[in-house]
Amino acid sequence: MTDPQFDARRSATQQSADRVRKVMGQALVYAVLIMLLLFAVIPLILAWFTAFKTSQEVLFNPYGPPIPPHLDNLINAWVQGRFSVYFNNSLIISVADVTLMLIVAPLAGYAFARMRFPGQRPLLVLFLIGLTIPVGAIIIPLYLTMRDFRMINTHGAVILADVALAAPIFIFIMRAAFKDLPGELEDAARIDGANEFKIFWYVMLPLVTPALLTVALLEFLWSWNDLLLPLVFLTSDDLRTMPVGMLFYRGRFSVDYGLMSAGVLIISLPVIVMFLFFQRSFVKGLTGGALKG
Amino acid sequence: MEIPRNDPLQSARTGFLSSRTSQRWKRYLIAYIFILPALLLYVTFVLRPTLEVFVLSLYKWNGISPTREWQGFANFEKLLADSIFWQAFRNNLVWLVVILFFNVFVGLVAAALLSMNIKGRVIFRLAYFLPVVQASIVTAMIWRWIYNPDGLLNSTLQAVGLGGLTRGWLGDFTWALPALAVAAGWASFGMSVVLLLAGMQGIDQSLYDAARVDGANYTQTFRYITIPGLRNVITIVILLAMIGAFQAFDIIWATTQGGPIRATEMLATYMFKKGIMENEYGYGSAVAVVLAVIILGFATINIILRERGDD
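Chains as they are written, first to last, in our numbering: chain A, 1 to 293; chain B, 1001 to 1311.
Hints were generated in silico from the structure; no laboratory data involved. No experiment lies behind these values; they were computed from the predicted model shown. Even for Gly, the Cβ is constructed at its ideal location relative to N, Cα and C. Misleading hints may appear alongside valid ones.
[To be verified] Derived Cβ-Cβ restraints for the label pairs, each shown as a range: (1) R1167/B x Q80/A: 28 to 34 angstroms; (2) G1202/B x Q14/A: 17 to 23 angstroms; (3) L28/A x T1174/B: 42 to 48 angstroms; (4) R1167/B x R121/A: 56 to 62 angstroms.
Okay, chain A solo, but in the shape it has when bound (with noise of 0.2 angstroms):
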């Protein structure tokens, strides 16, 4: 019954039909992906723009690339508007806070994974408890307690609420990431004399380096754009972090656009840079470490 001329012919041109609509479907899907692109890259890439350009190009080319491209405006961020201070304290806060962290946290992920002792538990879930808890809700207890240790307009009370308050997701990520590790290499250097600090030290730490590059990157990542804290423990512009900085100054950066965004520019290179260096473990922290409150 069935005529297999008919039949050829039918599927040939559904064939074309299916092609032309999977054309099509591609050319949509790459549509909504591109223009997704679009709105997530092009203010970036304008403030970048905008960073070079003298005020004059600001206002009759404020769209377009830079060319030729001037320095003036990031000298003018730096100089006048004060971030060459302001960098100096983000640096100084940042790289303290990630010291501090790569000592604390590796230290008590190893013994909440590789050792026994009386109170393990409650003191995990302590710890736990610490995930949820927002730095706004408790920045004005908070705050007289550095009152109370004379620590207000000082870098280390930043650094130390910092550090105590990301505590808690770096402790579980070296948590996981000594727990994955076998045993017979813990009992093996035990049997050959090593003491417990020799073991986690020359052992077990070598043996995480990817954890550990994790916490020091979003350790870094969380303070350099950190702006609560900051904002609340310092009051003197010569210890202010950029972002703190370009809060008081918003007035005046907010008028300037060229100077607005060459401070956007200073804030975001390094982490963008760094970003790009090491964008898998970027993510992949981020992403595991979402879930901090």
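Chain A is already provided as a structure; the job is to place chain B on it using the hints.
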């Protein structure tokens, strides 16, 4: 004759035992030493302040006078009658709706498209994630510039013939809040794209093959395989949006500071004004307690879901 033979053995055994006990306690001590630095910091700067915010919320205190005035739950009664508090709460909810649109709807669309056979997937994912690592001050400054009367948004509207819609977005009583929430959506949707994409790649491929054999089309497989397979990840994305929405502070503080009038007032900005700027520590803490309870609730559910997902 048997006693002397037993004696050394006995003493050896008790000696062995006691040395083992002391060894064990030494090991415990080492564990405690390992945990101590973290515990000290955490208790001093996180746990104690958390308990204290609840205590402070029961007092009236200007932070300077040596005595605090006991209030009971008066601060909370005042809060429930405070129209600014409710306005802030509503604003947080509006913020949440906008963020949910970006993180769930836009996130799902982007992740679904990226999970197809796409050229340059790495580039797209990288670009979407770029705003996520930006400082909130950067997000705030850039979007303030976009929303300025002579900014990118108005220029674009004019260029496409919608000049009638132009306005000073952040000075507009109706539009300031959603406009800033869009900035927050911009800064966060890349995170949910990555989470959802990872979730999609975790779905058993044989389910799709079986559905294709049965003649299911794309919409059907998406509806009946992808979405149910992503249920956990979608819940986490929603919870993260809720946590983020109720914590919203930085972008607003760097732009409108709650204005115009109270159009962009949030729980966090209101708490900051009362507690930190106006030295009403008790009342500010009461707002903080509400904030803490809401976020603690969402965050706890999030952790439970994650722990379950890990097993």
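Okay, the hints, checked on the actual structure:
1. R1167/B x Q80/A: 28 to 34 angstroms: holds, 33 angstroms
2. G1202/B x Q14/A: 17 to 23 angstroms: violated, 35 angstroms
3. L28/A x T1174/B: 42 to 48 angstroms: violated, 33 angstroms
4. R1167/B x R121/A: 56 to 62 angstroms: Given range 56 to 62 angstroms: holds, Cβ gap about 57 angstroms.
Checked against the numbered hints listed earlier, the structure breaks hints 2 and 3; every other hint is satisfied.
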